[in-house]
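Residue numbers (this note's numbering), protein chains in the order written: chain A, 82 to 360; chain B, 1188 to 1361.
Quick caveat, the hints were computed from the structure, so don't treat them as lab data. Any given hint might turn out to be false.
What the hints assert, rightly or not - Straight-line distance between alpha carbons at most 16 Å, and here's what the computed EDC-like set of lysine to aspartate or glutamate pairs gives:
#1 A/K125 / A/D139
#2 B/K1338 / A/E351
#3 B/K1241 / A/E224
#4 B/K1241 / A/E220
#5 B/K1242 / A/E220
#6 B/K1246 / A/D227
#7 A/K89 / A/D99
#8 B/K1312 / B/D1285
#9 A/K92 / A/D103
#10 B/K1312 / B/D1288
#11 B/K1338 / A/D287
#12 B/K1246 / B/D1208
#13 B/K1195 / B/E1337
#14 A/K191 / A/E177
#15 A/K161 / A/E143
#16 B/K1312 / B/D1208
#17 A/K326 / A/D287
#18 B/K1241 / A/D99
#19 A/K89 / A/D103
#20 A/K207 / A/E224
#21 A/K161 / A/D181
#22 B/K1338 / B/E1258
#23 A/K92 / A/E104
#24 B/K1312 / B/D1331
#25 B/K1242 / A/D306
#26 B/K1242 / A/E224
#27 A/K154 / A/D103
To be verified - Some but not every residue of chain B turned toward chain A, in silico, with C-beta under 7 Å:
#28 A1213
#29 V1214
#30 E1337
#31 K1338
#32 M1339
#33 P1340
#34 L1342
#35 S1343
#36 F1345
#37 N1346
#38 P1347
From the three backbone atoms N, C-alpha and C, an ideal C-beta is built for every residue, glycine too.
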Amino acid sequence: MDFYSLQKELKEKWDLGDDSWDELKNTVILTFERDAKNNNIFSKYGGRIVFRHTNHEDRIFEGETWICSLSLKGNYYFAKGLQRLDGSFMLELKREQMEDIADAVWKGHKDKIEPILEEKYKEVMKKTVGEKVAEAVGEKDSEIRDLCIQIEELEQRDSENRQIIASLEEKVRAAESRECPDEPAVSMSASPFRIGRVSVERTGPDELRSEAFNRTRYFVHISSDYRILLIRPHDSGDVICIDNKIMLNGLSMALQFSGPTQLISEYSPEYGGILIHLR
Amino acid sequence: MDIRNVTKSVQINENKLFRLDFYALAVQLLEGRELVAAYIFDTRVPFGEDDRSKKFHDKLRYMGYRVVAREAYDPNREEQKEVDVAMACEMVVHALRDHYDVAIVVSGDRDFIPAIQQVQSAGKKVEVAAFANSVGSEMRKAGDNFHELEKMPLLSVFNPPEEVAADGSEEEGE
Chain A
82 MDFYSLQKEL
92 KEKWDLGDDS
102 WDELKNTVIL
112 TFERDAKNNN
122 IFSKYGGRIV
132 FRHTNHEDRI
142 FEGETWICSL
152 SLKGNYYFAK
162 GLQRLDGSFM
172 LELKREQMED
182 IADAVWKGHK
192 DKIEPILEEK
202 YKEVMKKTVG
212 EKVAEAVGEK
222 DSEIRDLCIQ
232 IEELEQRDSE
242 NRQIIASLEE
252 KVRAAESREC
262 PDEPAVSMSA
272 SPFRIGRVSV
282 ERTGPDELRS
292 EAFNRTRYFV
302 HISSDYRILL
312 IRPHDSGDVI
322 CIDNKIMLNG
332 LSMALQFSGP
342 TQLISEYSPE
352 YGGILIHLR
Chain B
1188 MDIRNVTKSV
1198 QINENKLFRL
1208 DFYALAVQLL
1218 EGRELVAAYI
1228 FDTRVPFGED
1238 DRSKKFHDKL
1248 RYMGYRVVAR
1258 EAYDPNREEQ
1268 KEVDVAMACE
1278 MVVHALRDHY
1288 DVAIVVSGDR
1298 DFIPAIQQVQ
1308 SAGKKVEVAA
1318 FANSVGSEMR
1328 KAGDNFHELE
1338 KMPLLSVFNP
1348 PEEVAADGSE
1358 EEGE
């Protein structure tokens, strides 16, 4: 429905007299522009030029759309602004009113709007697809990084386990080649399982050795004042033990090495491991 | 545990060779007592942003911690907000509901003193654990017991990394 048809419908609906109809007929929607030649702000209606009414020159600006009341003087119309049609005006409309306007615009200008919307949809789709693809690629990259870390850790563990197996096989071979003595190899008094003092020797800058290191894996913790070192056997331990020796990264930094020494050590029931007093 | 307070303190002592073991920290502070719950308080970036601490929080959760991460990190001032109040509230509320007998506050921040006093007045014991470089005398005295974290074996030690020869192959061990 165009604006004139709407006016006629309203005239019939409200049963307007001639005066009121003239007034309604002269109420139109206009968009104003600037005349590049004379620098005047104007619009066009019914084949005539529409200038701003002197009382409204300060209110109506270039590029604005207004519901205006027109008065004809000579060959020109003069417009008084009644309501500016802008974003805030649209937002204040009721939902049904907005839908009516959108419906009217769509019906009247479908052929013009469709290509614009199609272009817009394509852009939005392109952007959305791009974002989703980037997100998916990012997630996959992150998963690949995590898997690489896991593979690295497993390879490290595999290498450690190979070292442990090799040392154990060496021990088995050595034991098999020895003749079986009549007496027990280790007396009960020399058992490394006894609670109390434990003999731990520092054999290198980052190396500790003890008969009590008879398991293959340990968790090792140091206090931040570098005074105590806790060595606790555990199947999932980070530190491997080969031939009763443990290599610890950074031990030389915590305690300077000045030749092989015995370290004051004890089995600690509280911690469930060997506690070594470094200082 | 106010995790930023702890990690900030241990950074001074800790280097790349050793790493703070949060699991060992909880186990050693327990000293054989029954654990009701271990809470860690931290901040995180708002949902949807790239959160670098997420993996760290997941690791802590895997260890058994309950991680309470507030969306209140101020990146400009590099400080966290709401965390101490959240931790204090949790401590006081659980004390008043009689959920525990002993609370162990792992932080040297003296902002916790009023909360500690409230918990004590509810009939509970409070122990404080912190590194010496992040705790003042008031906080040391606020609890019924003080744990000096720098004297506890809490930093994980590892094997030396395997040496790689110039041609890229791993060297044979002696």
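Here is what the structure says about each hint:
The suggested pairing of A/K125 with A/D139 is violated, with an alpha-carbon distance near 19 Å, which exceeds 16 Å. A C-alpha spacing of about 15 Å is found between B/K1338 and A/E351, which places the hinted pair at or below 16 Å, so the restraint holds. Between B/K1241 and A/E224, the direct Cα distance comes to roughly 14 Å. Compliance with the 16 Å bound is thereby established for this hinted pair. For the hint pairing B/K1241 with A/E220, the CA-to-CA distance comes to about 14 Å; that is within 16 Å, so the pair holds.
A threshold of 16 Å between alpha carbons decides the hint, and for B/K1242 with A/E220 the separation of about 14 Å falls inside it, so the pair holds. Straight-line distance between C-alpha atoms of B/K1246 and A/D227 comes to about 13 Å, which keeps the hinted pair within the 16 Å bound. With a C-alpha separation of about 12 Å, the suggested pair A/K89 and A/D99 falls inside the 16 Å cut-off, and the hint holds. As the CA atoms of B/K1312 and B/D1285 are separated by approximately 12 Å, the hinted pair is consistent with the 16 Å bound.
Restraint check for A/K92 and A/D103: satisfied, since their Cα atoms lie roughly 10 Å apart, inside the 16 Å limit. For the hint pairing B/K1312 with B/D1288, the CA-to-CA distance comes to about 6 Å; that is within 16 Å, so the pair holds. Among the hinted pairs, B/K1338 with A/D287 is inconsistent with the structure: their alpha-carbon atoms are about 21 Å apart, more than 16 Å. A threshold of 16 Å between alpha carbons decides the hint, and for B/K1246 with B/D1208 the separation of about 11 Å falls inside it, so the pair holds.
For the hint pairing B/K1195 with B/E1337, the CA-to-CA distance comes to about 13 Å; that is within 16 Å, so the pair holds. For the hint linking A/K191 to A/E177, the alpha-carbon distance of about 20 Å lies beyond 16 Å, and the restraint is violated. Restraint check: the Cα-Cα separation between A/K161 and A/E143 comes to about 15 Å, which is no more than 16 Å; the hinted pair holds. Distance hint between B/K1312 and B/D1208 is unfulfilled; the C-alpha atoms sit about 25 Å from each other, more than 16 Å.
Distance restraint check for A/K326 and A/D287: the Cα-Cα separation of roughly 10 Å lies within the 16 Å cut-off, and the hinted pair is therefore satisfied. A hinted pair counts as satisfied when its Cα atoms are at most 16 Å apart, and B/K1241 with A/D99 does not qualify at roughly 75 Å. Taking the CA atoms of A/K89 and A/D103, the gap is near 11 Å; set against the 16 Å cutoff, the hint holds. A C-alpha spacing of about 26 Å is found between A/K207 and A/E224, which places the hinted pair above 16 Å, so the restraint is violated.
Of the supplied pair hints, the one linking A/K161 and A/D181 is violated, its CA atoms being roughly 26 Å apart against a limit of 16 Å. For the proposed pair B/K1338 and B/E1258, the alpha carbon gap of about 33 Å is over 16 Å, so the pair is violated. At roughly 11 Å between alpha-carbon atoms, A/K92 and A/E104 fall within 16 Å of each other, so this suggested pair holds. A C-alpha spacing of about 6 Å is found between B/K1312 and B/D1331, which places the hinted pair at or below 16 Å, so the restraint holds.
At roughly 29 Å between alpha-carbon atoms, B/K1242 and A/D306 are farther apart than 16 Å, so this suggested pair is violated. Restraint check for B/K1242 and A/E224: the C-alpha separation of about 12 Å stays at or below 16 Å, so the hint holds. For the proposed pair A/K154 and A/D103, the alpha carbon gap of about 15 Å is at most 16 Å, so the pair holds. Residue-level restraint check for B/A1213 is violated (minimum Cβ-Cβ distance to chain A is 13 Å; threshold 7 Å).
Interface hint status for B/V1214: violated, as the beta-carbon distance to the closest one in chain A is roughly 9 Å, over 7 Å. The interface hint given for B/E1337 is met, as the beta carbon of that residue sits about 4 Å from the closest beta carbon of chain A, less than 7 Å. Given the 7 Å rule on beta carbons, the hint for B/K1338 holds: about 6 Å separates it from the nearest Cβ of chain A. With a least beta-carbon distance of about 6 Å to chain A, the hint placing B/M1339 at the interface is held under the 7 Å criterion.
Interface restraint check for B/P1340: the shortest CB-CB distance to chain A comes to about 4 Å, inside 7 Å, so the restraint holds. Taking 7 Å as the C-beta contact cut-off toward chain A, the hint placing B/L1342 at the interface holds, the least distance being around 5 Å. A least Cβ separation of about 6 Å between B/S1343 and chain A falls short of the 7 Å threshold, and the interface hint therefore holds. Hint on B/F1345 holds. Least Cβ distance to chain A is approximately 5 Å, under the 7 Å limit.
Taken as an interface hint, B/N1346 checks out: its beta carbon lies about 5 Å from the nearest beta carbon of chain A, inside 7 Å. For B/P1347, the interface hint holds, since its Cβ comes within 7 Å of a Cβ in chain A; the closest pair sits about 4 Å apart.
In the structure shown, a violation is registered for the earlier hints numbered 1, 11, 14, 16, 18, 20, 21, 22, 25, 28, 29, in ascending order.
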